[in-house]
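Since the structure of chain A is provided, determine the placement of chains B, C and D on it from the hints.
Protein chains: 4
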Amino acid sequence: MKEKEDSSIAMAEGDGEGVTLGDLKKKMADFAKERDWDQFHSPRNLLLALVGEVGELSEIFQWRGEVPRGLPGWDEKEKEHLGEELSDVLLYLVRLADVCGVDLGGAALRKMEINARKYPVQYCKGSSKKYIHYASENSGSNGSTDEL
Amino acid sequence: MKEKEDSSIAMAEGDGEGVTLGDLKKKMADFAKERDWDQFHSPRNLLLALVGEVGELSEIFQWRGEVPRGLPGWDEKEKEHLGEELSDVLLYLVRLADVCGVDLGGAALRKMEINARKYPVQYCKGSSKKYIHYASENSGSNGSTDEL
Amino acid sequence: MKEKEDSSIAMAEGDGEGVTLGDLKKKMADFAKERDWDQFHSPRNLLLALVGEVGELSEIFQWRGEVPRGLPGWDEKEKEHLGEELSDVLLYLVRLADVCGVDLGGAALRKMEINARKYPVQYCKGSSKKYIHYASENSGSNGSTDEL
Amino acid sequence: MKEKEDSSIAMAEGDGEGVTLGDLKKKMADFAKERDWDQFHSPRNLLLALVGEVGELSEIFQWRGEVPRGLPGWDEKEKEHLGEELSDVLLYLVRLADVCGVDLGGAALRKMEINARKYPVQYCKGSSKKYIHYASENSGSNGSTDEL
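Residue numbers (the numbering used here), protein chains in the order written: chain A, 2 to 149; chain B, 2 to 149; chain C, 2 to 149; chain D, 2 to 149.
Just so you know, these hints were derived from the structure itself, not from any lab. Be aware that one or more of the hints could be misleading.
Identical copies go unnamed one by one, so any copy, or any two together, can satisfy a pair.
Using 30 Å as the maximum straight-line C-alpha spacing, the simulated DSS-like pairs for lysine-lysine come out as follows [said to hold, decoys possible]:
#1 Lys-126 with Lys-112
#2 Lys-119 with Lys-27
#3 Lys-112 with Lys-78
Bound-form chain A, shown alone (with noise of 0.2 Å):
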C-alpha cells in the first residue's frame, strides 16, 4: 500500500510527516496481536499506561526551569529520549482510542474545526486574555483562569 512504502522510507529518512494515524493503529494492533496481549489492552488500563508515559516525558522536563522553543544546548541523546517518551504517549494514545472504537484522526480534525469556530481569528488575535479563555474553555477549567 502506498501509504506503507511512505512510512518505511519515512523512516529511513527520520522523516515521519506522511505517517499517518491509520498506521499507528494497525501496527500496534498486530503487534499486540502477534503477542497475545489483547488481553491486557483494556481501556483503562491502557489509559493509566498513557499517564505513566507522561509521568516519563514530565521528569525530562522537570529539573530545567523554562525551555525554549528548538531545545537549544540539549544533545543529541537528550533529543532522542525525548522522541521516545513522546512516542510512547503517541503510541498508548492512539492503542486507547483504537479499543474504544474512537476514529482519533477524524475526531481531532472536528476538534480543530470547533476551536477555529468558537475563536476566529479577528476576535482573538494576540490576546492573552482570549487564549487563556480559549485555553480554559478548552480545557474543561472551571474558568477562574480567566482571572489571570
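Below, chains B, C and D alone, put in the same frame as chain A:
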C-alpha cells in the same frame, strides 16, 4: 489548500485513518500563528496543557470501574466527549513535539521497531510476565512491577 | 503534643496517623536546604516532578485490571513499592504547596467543608447520579460526565 | 471530638500545620460513608480521580511560563483556587492510600529516611548533577536525565 480539502473530506466521512501527523502539525502551527498564540506555546506550557487534557480524559473513566473494549452502553454524547478529550491530548502532543523540533511520526515508527526487536514474538507470546516486564521496561519503571 | 512525639515512634511502628502536614513540610524544607537544592524547587519544576511521580504510581496499577480495596494478593514488596510512590506524590505536593505559600492543611480542611455544604447527606446519599455530579463539579470537569 | 476541635481551630486560623494525615483519612472516610459513596472508591477509580485533579492543578500553571516562589502578582482568588486544587489532589491521595491499606504518614517518613541515607549532605550539597541523579533515581526515570 489541498490538505484542507483532504481534511474536510476525511472529516465529512468521519474516517481519519489517512490523517497524517504532518497534517495535524501544520494545522496546529497555522492555528497558533493566525491568532498570534506562538508566544504561549513554550515546551513546558504545552506539556502542562497536555497534562491538563490527560486529566480531562481520566475524568471520563474515573468513576466507571472497569470499562470493556468498545465501550458497550456508552451513548453517542459520551463517545463524542471521549473523542474530544483524546483529540485534545493528541493535538497538544503534536504541538509539543513540533516546538521541540521532534519528528513525532518518525520517532513513533522507530520506537515501534525498538519494541519489536526487544520483544520477539516467540519470546513474549501470551506471557503476562514478559508483558509486565516489557511494560515496565517500556515505561521506565524501576522494574518492581516485575514482581507481579 | 502527644501526636507530634509519636512521629519518630510512628515510623518505627509503621503508624503514621499522627504525622502532621507541618512535620512533612519542615522535613522537606530542611532536606532541600541542607543540600542547597532550593534552587531547583520552583513551583513548575516541582509540579512536573509531581506529575512524574503520579506516573510512577499509575504504573503500579496499569496492567492489573480492577483492583479490590485492601489489595488482596499483593505481596509485601509490592505494597512497600506502592507506599513509596504514594509518598513521593505526597512529598512533592507538600513541597509545592510550601514554595507557593499555600497552607495545605488549612486549605484541605476548608475544601472538605465546602464539599460537605455542597453535598448534604440527605440529598446525595446512595445516589451515583449525585455522586457523578459531585465528582464532575469537584474536579472542574466541563460537566459532560453528568450524562453518565 | 478532640481532633475535630483542633481541626476547626486550625481552619479558623488558616493554620493547618497541625493537621494530621489521620485527621484527613478519617474525615474522608466519614464523608464517603455518610453518603454511601464507598461503592465508588475503588483504588483505580480514586487513582483516575487523582489524575484528574493533577490535571486541574496543572491548568493553573499551564500558560504562565516560569512562576517564582511565593507567586508574586497572583491575586487572592487565584491563590484560593490553587489551594483548592492542591487540596483535591491531597484528599484523593489520602483516600487512595486508605482504601489500599497503606499507612501514608509512616510511608512518607520512611521514604524521607531512605532519601536522606541515599543522598548524604556532604556528597550532594550544591551539586545539580547529584541532584538530577537523585531526582531521576527518585522518580524511577531511566536515568538518561543524568546527561543534563
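State whether the alpha carbon distance between Lys-126 and Lys-112 is at most 30 Å within one copy, between copies, both, or neither.
-> within (19 Å within a copy, 37 Å between copies)
When no copy is named, should Lys-112 and Lys-78 be tagged within, between, both, or neither for a Cα gap of at most 30 Å?
-> For Lys-112 and Lys-78, only the inter-copy Cα distance (14 Å) is at most 30 Å; the intra-copy one is 34 Å.
Homomeric proximity label, Lys-119 with Lys-27: Cα distance no greater than 30 Å | between (33 Å within a copy, 19 Å between copies)
Comparing the model with each earlier hint shows no violations; every hint is respected.
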